[in-house]
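*Asks:* The residues making up each chain are set out below.
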Amino acid sequence: MVKKKCVAMLLAGGKGSRLNSLTKDLAKPAVPFGGKYRIIDFTLSNCTNSGIDTVGVLTQYQPLILNSYIGIGSAWDLDRRNGGVTVLPPYSESSEVKWYTGTASAIYQNINYLQQYDPEYVLILSGDHIYKMNYDLMLDHHIDKDADATISVIEVPWHEASRFGIMNTNEQLDILEFEEKPSEPKNNLASMGIYIFKWSVLNQMLERDNQNPHSDHDFGKDIIPMMLNEKMKLVAYPFSGYWKDVGTVQSLWEANMDLLEEQCELNLFDYDWRIYSVNPNHPPQYISPNAEVKQSLINEGCTIEGDVSKSVLFQGVTIGSGSFISESVVMPNAIIGRNVLIERAIVPSNTNIPDGTIIRASEGEKDVILVSQEMLQGV
Amino acid sequence: MNNHLLGVIDATTYHEGLDELTIHRSLAAVPFAGRYRLIDFILSNMVNSGIESVAIFPKYQYRSLMDHLGSGKNWDLNRKRDGLFFFPSPMLDSPNNGIGSFNHFAANIDYFYRSSQDYALIANCFTIFNMDFTPVLERHIRAGCDITTINKDGQPLEIYLVKKSLLINMILSRGETGYSCISDIVSDIHHPYTLCTYEYTGAAVMVDSVQTYFHASMDLLNPPIWKDLFLIEQPIFTKVKDEPPTRYLNGCSVQNSIVANGCQIEGKVENSIISRGVKIGKNTIIKNCIVMQKCEIQEGCVLDSVILDKDVKVEKGTHLSGTETSPFVVRKGTVQGALMNS
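Here the protein sequences line up with chains A and B, keeping their order. 1 is the number of the first residue of the first sequence in full-length UniProt numbering; add one for each residue after it. 1 is the number of the first residue of the second sequence in full-length UniProt numbering; add one for each residue after it.
Think of the hints as simulated: they come from the structure by calculation, not from any bench. We put the CB at the ideal spot given by N, CA and C, even for glycine. One or more of the hints may lead you astray.
[Unchecked claim] Chain B residues, not near chain A, derived (Cβ > 12 Å throughout):
| id | residue |
| --- | --- |
| 1 | TYR36 |
| 2 | GLY72 |
| 3 | GLN211 |
| 4 | ASN250 |
| 5 | ASN256 |
[To be verified] Subject to a maximum C-alpha distance of 20 Å in a straight line, what follows is the list of computed EDC-like cross-link-like pairs (lysine to aspartate or glutamate):
| id | chain 1 | residue 1 | chain 2 | residue 2 |
| --- | --- | --- | --- | --- |
| 6 | B | LYS268 | A | GLU292 |
| 7 | A | LYS310 | B | GLU266 |
| 8 | B | LYS73 | A | GLU292 |
| 9 | B | LYS268 | A | GLU305 |
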């Protein structure tokens, strides 16, 4: 194998249980987002755009769709002769099946994969977030500071800081302390779950962590505190820009709605930093003579005969005549009949909504509705 | 049965009536329906009919065609066995002879010798239709035909099915017979072959002038024609682009139109075909137009019955109009200013 400077390990095994039925048969990184993408497209595209051409994708929970979606990585230009994308599921050894019990154990069990490339640096990513980031700049920072580990951080509003893993740093942004969801945060720099390690250091740490029977084998809980204890050099890399964890139905909906803002912070139309995805082959969208479309994002293969406003429509969606869809996210190949009213809802893939259905929250209700088959049968 | 058919696409045709759109590109690569090129229809039909080996015989300006087709991956034709073949014409100045030039085939006769398929489908590159050729081949064999031509409403679509060994004979004996192409044979009433016709009943248009191009495009807005062309089980494939979904901004109004991905629309669009990556500014009105890839139409423009070729920029406040019978064509990459056409 050709030696690589930096290899990325993308943790994509998350269950995303707060996304309810959206992740019943689907790993969270494969959840549709933004009219044509899946969440993992952002991280994989960031890798390609940052010049990182070797990416191990660790899958575990409901991997079927995710695995076939990633394929050989050609959608992200990651089908490479040397490196490229490799899907790394848990595997069994002669004695036992080794499930990934924590983020660190997932990497530990794939030490062989990393060793073939003998990288100088390892970039740890998660496939759960929506953001655009140049990892190459972070790597430069890591090398400049000669750090053992660099952790990407983002400023969060103080009142929300207790929901995040918070990095307490000095003025030079050296990390002094890490607190997971502190009740009284001392800082508002949240970890984005993006780490760069010197491979030689990480390799040692993983070996030692694996020996520790009390460890949860988690980067945030175990590996980072262990390195801080030993006074290793950990630095924070400040990131500014759009970054969103779409871990709940509400936040997934909000992130989709963010795309409809006039001045959207997450620019999908930036040709210098394209977000790649597997392109299903659909004809262009057809907007009928009586349709009305306002402030929306609509993908190919849609047929619109009704009114759509402030909504995100994925490929192959049909909206019947006389229907009104507003502030909603309609996922691939959903068929919405005639005279349907949908407000503030997420309609999952392949849902068939009968004529005349009304879906909207009752007065005063703030939560977004996740449409389900049971709900439609009840109507 | 399927893999017995070889696909041959004659992409040498040049129609004077389409000059405006074919100065920079081969006819086969003329954009259509917002995200396709003319060749996508015949090529996808071949692939959907189970054809695994397709030879393309191009002549003029085929750079854009090669760029579009690449390795054939988007049509699943990047195969180890068979796949997509290119045979550009070695004879640039010889006149154009109609579909299926034997001289052009003769220069690449090895392709016909080496392929394992027993039958060949020879087709033009400018017909817009969605057709399964399997029944044509079945009938050709059952009825013992030498040549089958496919017709639409009694008119030939310039698509021929012929046994490969017979085709090779035709190519080799072109000197003695005087036939220079398949269409020569078919149009000669004294030809010695058993000629069959196969009537195709779906929507089909041969694009040979700006008028037919314009009409065929506007016909896409007719839902039955649209449904005939874009069948879910027989998709028309094309080169994929990583465009984001189309963004409809506040204040826009879009009616009776076909819109591809990657557009940003703030103005008013009616009865039009909008291709990938087009920007339409505020207070602009676009009616009965075909707007190709990456055009930018700034604020306050009025366009009626206009074809904008790729990469055209229309500056603020410009008014352009043509008529249904004679649409105004703006050439690729040009800039239209408000004062230029007043």
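*Asks:* Could you run down the list of hints and mark each one as holding or not?
*Replies:* Against the structure, the hints come out as follows:
Not every CB of chain A is more than 12 Å from the CB of B/TYR36 (nearest about 8 Å), against its label as outside the interface. At roughly 14 Å from the closest C-beta of chain A, the C-beta of B/GLY72 stays outside 12 Å, upholding its exclusion from the interface. With a closest Cβ-Cβ approach of about 23 Å to chain A, B/GLN211 is found to remain outside the 12 Å limit, as its non-interface label requires. Chain A draws B/ASN250 into its interface by the beta-carbon criterion, the shortest separation being 5 Å against a cut-off of 12 Å.
Listed as a non-interface residue, B/ASN256 fails to keep its Cβ farther than 12 Å from every Cβ of chain A; the least gap is roughly 4 Å. Restraint check for B/LYS268 and A/GLU292: satisfied, since their Cα atoms lie roughly 11 Å apart, inside the 20 Å limit. At most 20 Å may separate the alpha-carbon atoms for a hinted pair to count; A/LYS310 and B/GLU266 meet this at roughly 14 Å. Of the supplied pair hints, the one linking B/LYS73 and A/GLU292 is violated, its CA atoms being roughly 37 Å apart against a limit of 20 Å.
The hinted pair formed by B/LYS268 and A/GLU305 meets the criterion: a straight-line CA distance of about 17 Å does not exceed 20 Å.
In terms of the numbered hints stated before, the structure departs from hints 1, 4, 5 and 8, listed from lowest to highest.
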